Amino acid sequence: MSTALAAPLRRPPSPLRPQGPALPSRAPHIEIVPVRAQRRARPRAVYAGVVVGSLGALMTGQLLLSIAVSDGAYTIDRLQTEQKAQARTVQQLTEDLGRLSSPQFLAQNAEALGMVPNANPVWLRMSDGAVIGAPAPARAGTGVLAAGSLVANDLLAGVPLVTELGTPASGGDAAPGVVTGPQVASQGQPPAPTTR
Amino acid sequence: MTRRTARRRTALSALLLLAVLAVFLVRLVDIQVVHADTLNAQAEGKRSVEQPILGVRGDIYDANGVLLADSVLRYDVVASPRIAVTSKITPEAAAVALAPITGQDPAAIVAAIRGAVAENPDSDFAFLVKGVDAAQYQQIRDVDVPWLYYSARPSRVYPNGAVAGNLVGFVGSENQAQAGVEYSEDACLAATDGSEVYERSADGVRIPGSTLTTTPAVNGNDLVLTIDRDLQWFVQQTLAAYAQKFGAKWATAVVQEVTTGRLLAVADYPTVDPNDVNATASTDVSALGSRAFTAPFEPGSTFKTLTAASLLDAGVATPGTGVVAGYRFTTPAGADVNDSHWHADQRLTLTGVLIESSNTGMSQLGLRLSSEQRYGYMRAFGLGADTEVGFGGEESGTLGAGPDWDAQSDLATMFGQGLTTTAVQVASIYQTLGNGGVRLPVTLVEGCRLPDGTLTDLPPTEGTRVVSPEAARATVDMLENVATKGWLATQISIDGYRIATKTGTAQQPDGQGGYTDSYLVSLAGLAPADAPRFVVTVSLADPVNMNSSGATAPIFHDVMAHLLTAYSVVPSGSGSPELATTY
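Top line first, the protein sequences correspond to chains P and E. Each residue of the first sequence is one higher than the last, beginning at 1 in our numbering. Each residue of the second sequence is one higher than the last, beginning at 1 in our numbering.
Since the hints were derived computationally from the structure, they do not count as laboratory data. Values in this document were obtained by computation on a predicted structure and should not be read as measured data. Hints are supplied without guarantee of correctness; some may be wrong.
What the hints assert, rightly or not - Distance windows between CB atoms, simulated: (1) 78/P / 92/E: 30 to 40 Å; (2) 490/E / 128/P: 19 to 29 Å; (3) 113/P / 489/E: 32 to 42 Å.
Using N, Cα and C, we set each Cβ at its ideal position, and we do this for glycine too.
Isolated chain P, as found in the complex (with noise of 0.2 Å):
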């Protein structure tokens, strides 16, 4: 602001106040007025653009953070999906490994390997070197599997023993067939189960 605005000027007279006698209780009042070119001198149009321009950020920044939260969203949604689809290769991995550790696919398999459990337990005595019981081998055929696998498993039809595997000349795979489950699924497409 000018300097020649803050003089002192005279009260002009008041086109809205009729003239006449001065009110004796009113104090005299005295304001600056600009004049017409001071007025149209000052830059509105400043702050216009101020307002607009900041409007104009405003909805620009809520623009692109409503942008944003809905790209969350759908990040969300597909790692929710992907979480979905992990969650299912755990519970694939896990009922794989829960049938093929059940007692008797092991025991079958140890005596497919020719393990045979020896029902004559004998004891060998650390103070005198005395043999307790008498020791036989144990014979192919005569293991508690001798008559075959008598608790069924309904979960291990057609799943191969480890001897009935493939020789790796034709797969390749040291253990094809055995482990069924999907790999991570979302690298790419899983492979197919070869053991229902």
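Guided by the hints, dock chain E onto chain P, whose structure is given.
Chain E alone, transformed into the frame defined by chain P:
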């Protein structure tokens, strides 16, 4: 226009205006206040979806933390026939791709979809396949058929199949508990589904921050059993092999820990495979549970152990008390008891009576106790009442009219006829004697495990004294003599260990007061007898190929030998006490 007409017009207009305003006001109140909830719900229903949050049923574990029952998701695949018939991917094309995955006939798939449309052109629902597992589900998804939709539902798998299937039980198609501990411990295992409502966009993505109401799902807690899975398998496999060999209709074997009362294995033959219940349900409904709990039988001579222990505890007999045991024994009251084979009079001690399994000898000695006293001992040993396990469908057995038995039953109940017990109750009798006369509660469930790892619903552990330590020890001593001098001695002996056993061969009642030709043969025993750790009881119902307790000997031997080695029990290092059998 006069002033009056003008005024009248103004009044009319004002009136009309007010009337219209009133209509609007009424409608506003109607919408905003009266029907607000309904309309809000309708509006939400257009863009919001309600989704159940599935609660997960608790798992079941054995004593070593091995998973016995697992909760999994299975998927139902549903087709929208209305859309399918107009889709670029025709039902025929989809069926060819889907059939190899689901194992269905492609024609059946097409027929289901075309049939549904023929019946109702607006049909939006036709099951393609129910209950596929995760791998199949993924493959079906990968085929990418636009008119298929999917719903997950909780299901159950039992990784070990029939191993402990008799105890674990199973659930129905809607995951509802039906048998075994799945049923009896459902309060621990059951989950509660929750639900959430949220708004979603046209492409099905959840609108951020739009979740309206959420009821969280409550997962079930895990159940821990006292069973040892590997032992359970061994006992089941051994039992099944011999039960088939001897042609038994059914069989049970119970392994109980003497010092804790915990059941380590309860094997039944046949056993249900909870993964395939129908296979058993169609052949043998009783095998859906555990006959060791649910099938009481007249125990026969294994019960003489209880009578002998009662006599010793009451102080009316010692292991050396003599009796002249003839082939036949009658009382003035009209009871008539005879032994299984004819023999001349024998001068037997109580030990000898057990070894020879003499009914006449046991009857004479048993009369030294009143009926009330013997009944009191039976009840104290846990007979005539359910065990603490509370297994689904458990039977308590019956002690007949006891203690007011008729003259015949009064003698018969001394050697295990005229009353019934379950295999688990018999095991509990031997557990009591092995544990110095203190009966411990039979335990199958270790507890219900909360997510933070604490066990709740702990079973009772407080024992009750049934007979004195001296009486219990003396009874075990006598049973050791039965094991070493009885007719099965060579078959049941395990080098290095002292064993105490008693056999039983009991004719089974026909349900009309008489007895049938079929026998239930059994054997109950303790090892190592010097410091008993395990009870093993074996029962075979009607083993047509070997109708004597000899059929139980190899099962007892194999199971006990396995137990002693698997649990690294130190050999006894002493011999069985030598007791006089005759006088």
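Here is what the structure says about each hint:
no. : hint                      : verdict
1   : 78/P / 92/E: 30 to 40 Å   : holds (33 Å)
2   : 490/E / 128/P: 19 to 29 Å : holds (26 Å)
3   : 113/P / 489/E: 32 to 42 Å : holds (36 Å)
Of the numbered hints stated above, none is contradicted by the structure.
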